[in-house]
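Turn these sequences into a full structure, and let the hints guide you.
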Amino acid sequence: MKDAARVGSLTVKPPPFDYSAPDTLEEALFVLGEAGDEARPLAGGQSLVPLLSLRLARPSRLVDLAGITALKALDTAGGHLAVGAMVREREAERDERVRSLAPVLADALPLIGHPAIRSRGTIGGSLSHADPAAELPAVALVLEAELVAESRARGRRSIPAADFFTGFFTTALAPDELLTTLRVPSSAPGTGWAVDEVARRHGDFAIVGAAAMVRLDTSTGRIEEARLALAGVGDTPVRLPETEQMLAGAEPADGAFADAAENTMTRLSPPADVHGSAAYRRHVAGVLARRTLKLAAQRAREAA
Amino acid sequence: MTSFDVELTVNGVPRRGSVEARRTLADFLREDLGLTGTHLGCEHGVCGACTVLVDGEPARSCLMLAVQARGADVRTVEGLAPDGEMNRLQEAMWDSHGFQCGFCTPGFLMQITALLAESPEPTEAEVREALSGNICRCTGYESIVNGVLLAADAAISHE
Ligand SMILES: Cc1cc2nc3c(=O)[nH]c(=O)nc-3n(C[C@H](O)[C@H](O)[C@H](O)COP(=O)(O)OP(=O)(O)OC[C@H]3O[C@@H](n4cnc5c(N)ncnc54)[C@H](O)[C@@H]3O)c2cc1C
Ligand code: FES
Ligand code: FES
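So the sequences go chain by chain: A and B. Counting from 1 along the first sequence, just add 20 to a position and that's the residue number in this note's numbering. Counting from 1 along the second sequence, just add 15 to a position and that's the residue number in this note's numbering.
Rather than coming from a laboratory, the hints here were simulated on the basis of the structure. All values derive from a computational prediction rather than experimental measurement. Check the hints yourself; a few may be wrong.
[Stated by the list, open to error] Derived contacts from chain A toward chain B, CB cut-off under 7 angstroms, selection only:
1) G65
2) Q66
3) V69
4) S73
5) A77
6) R140
7) G275
8) G296
All C-beta atoms, glycine included, are put in the ideal place defined by N, C-alpha and C.
Here you go:
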């Protein structure tokens, strides 16, 4: 791959492109609106710059979002967590408000890459990049988050996470549109959560990742609501509604989670690659479904 | 293509240059500023050799454009020994045989500098976690981890 990217005697270098660094969201949207799909937003660069260096992406202009203060806000008005697209992964990981309002997000962040990746990489960049093996898209699904997008031509709209990830590295965002905010609805008190993944080495992209949330009925102790989302098992992160429905009303006992894991496995047709066959991924997905659902239920019980 | 003026601070010294937008911070440091202590291995973010500190946080200089570093406070391995005297971390790495060919060392040193600034008494597990993104093909990592723990101990007994 590296040889392909060599140019004469130079080592790996991005192709030429133009660059603007707007100070305001309006200005950024204006530039993107004028440039059409020739321009690409630049957030932390941790996915985009490698693509440029390997010449897998050739935008004519990068629009650097780092100077836009409005995109760096982390807000908790009304008990709802709203994370600006340009909040760095490392910053969110250290933020107590993220931990208390969205613990499933807080637990997922340290699983992304390495510290030096997270100090540059952003929440909005990871969601917009939509790597099917990435942690945050699965977490956005399990949280039933809303992704707020804005363009000059069509203004602001809010996209449910369930509609945002439309395909392999593909989202509902139009080329002239920016993701501005991740909005996380507040969880009911006593909601348990868990995130887990299997990767070749610590910090690598997950082969399979899982995020679960479970709420128990406080009077009966039965499962009131269970949510499960997986990464690395398809073109997009996936929610498992059938598995979730199986658990609604069930005792939070090992048997129920084992059945849920079985059900999860039958619903998946994961891809095969050098990191694992489809059968291996399906097996790991079952194991992670069982573990995360069980831990989430345990945490829900402790919180009750 | 348009050129962009870049003004930043490197190891406490104001520096400037004029670059194409596609120039990475790594190439800017090495080729425009002559600071070749920052090494380039993979040039796409996976090896960690090019790690520098940007406003105190570790960052891959191969994944940052020089234009993105405008106004930033950048620290490179050269800044660890400004008077040619190795600092405590460098001494500890030397004492623990924390490098062999030395290619990965600048990246490790900067990542470790960031770790020790944030948590001066890391556990071994924290050290391993913090260094998970830096690849070394020579040492087998044990001596590097020992060097970090030694540096942390030395810092504590020094107080
Ligand atoms: C060695 C290494 C290991 C990694 N490991 C992991 C991992 O384990 N898990 C994981 O999830 N990620 C991993 N990453 C990727 C990392 O999380 C990236 O930071 C993230 O995927 C992209 O975020 P960014 O801010 O760097 O975005 P950029 O790279 O700047 O942008 C990514 C894409 O999103 C678009 N974009 C960015 N922001 C917006 C916006 N606000 N609106 C619209 N479009 C936008 C860009 O145009 C680009 O197409 C790794 C990266 C590296 C180099
Ligand atoms: S050269 Fe930058 S990470 Fe390998
Ligand atoms: S000492 Fe040779 S790569 Fe680490």
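Open item on the list: Under 7 angstroms is the threshold here; is the Cβ of Q66(A) close enough to any Cβ of chain B for the hint to stand?
Closed with: 6 angstroms, holds
Task: Satisfaction of the V69(A) interface hint, Cβ to chain B closer than 7 angstroms - done: V69(A) check passes; min Cβ-Cβ to chain B is 4 angstroms, inside 7 angstroms.
Task: chain B contact restraint on S73(A) - CB to CB distance below 7 angstroms - done: S73(A) check passes; min Cβ-Cβ to chain B is 5 angstroms, inside 7 angstroms.
- [ ] Grab the minimum C-beta distance from G296(A) to chain B and call the hint holds if it beats 7 angstroms, violated otherwise.
- [x] 19 angstroms, violated
Task: Restraint check, 7 angstroms cut-off on beta carbons, for R140(A) near chain B - done: 5 angstroms, holds
Open item on the list: Given a cut of 7 angstroms on the nearest C-beta pair, is the interface hint for G65(A) held or broken against chain B?
Closed with: 5 angstroms, holds
- [ ] Return the status of the interface hint for A77(A): holds when the least beta-carbon distance to chain B is below 7 angstroms, violated otherwise.
- [x] 12 angstroms, violated
Task: Status of the G275(A) interface restraint (C-beta, 7 angstroms, chain B) - done: At 34 angstroms from the nearest chain B Cβ, G275(A) fails the 7 angstroms test, so the hint is violated.
Checked against the numbered hints above, the structure violates hints 5, 7 and 8; every other hint is satisfied.
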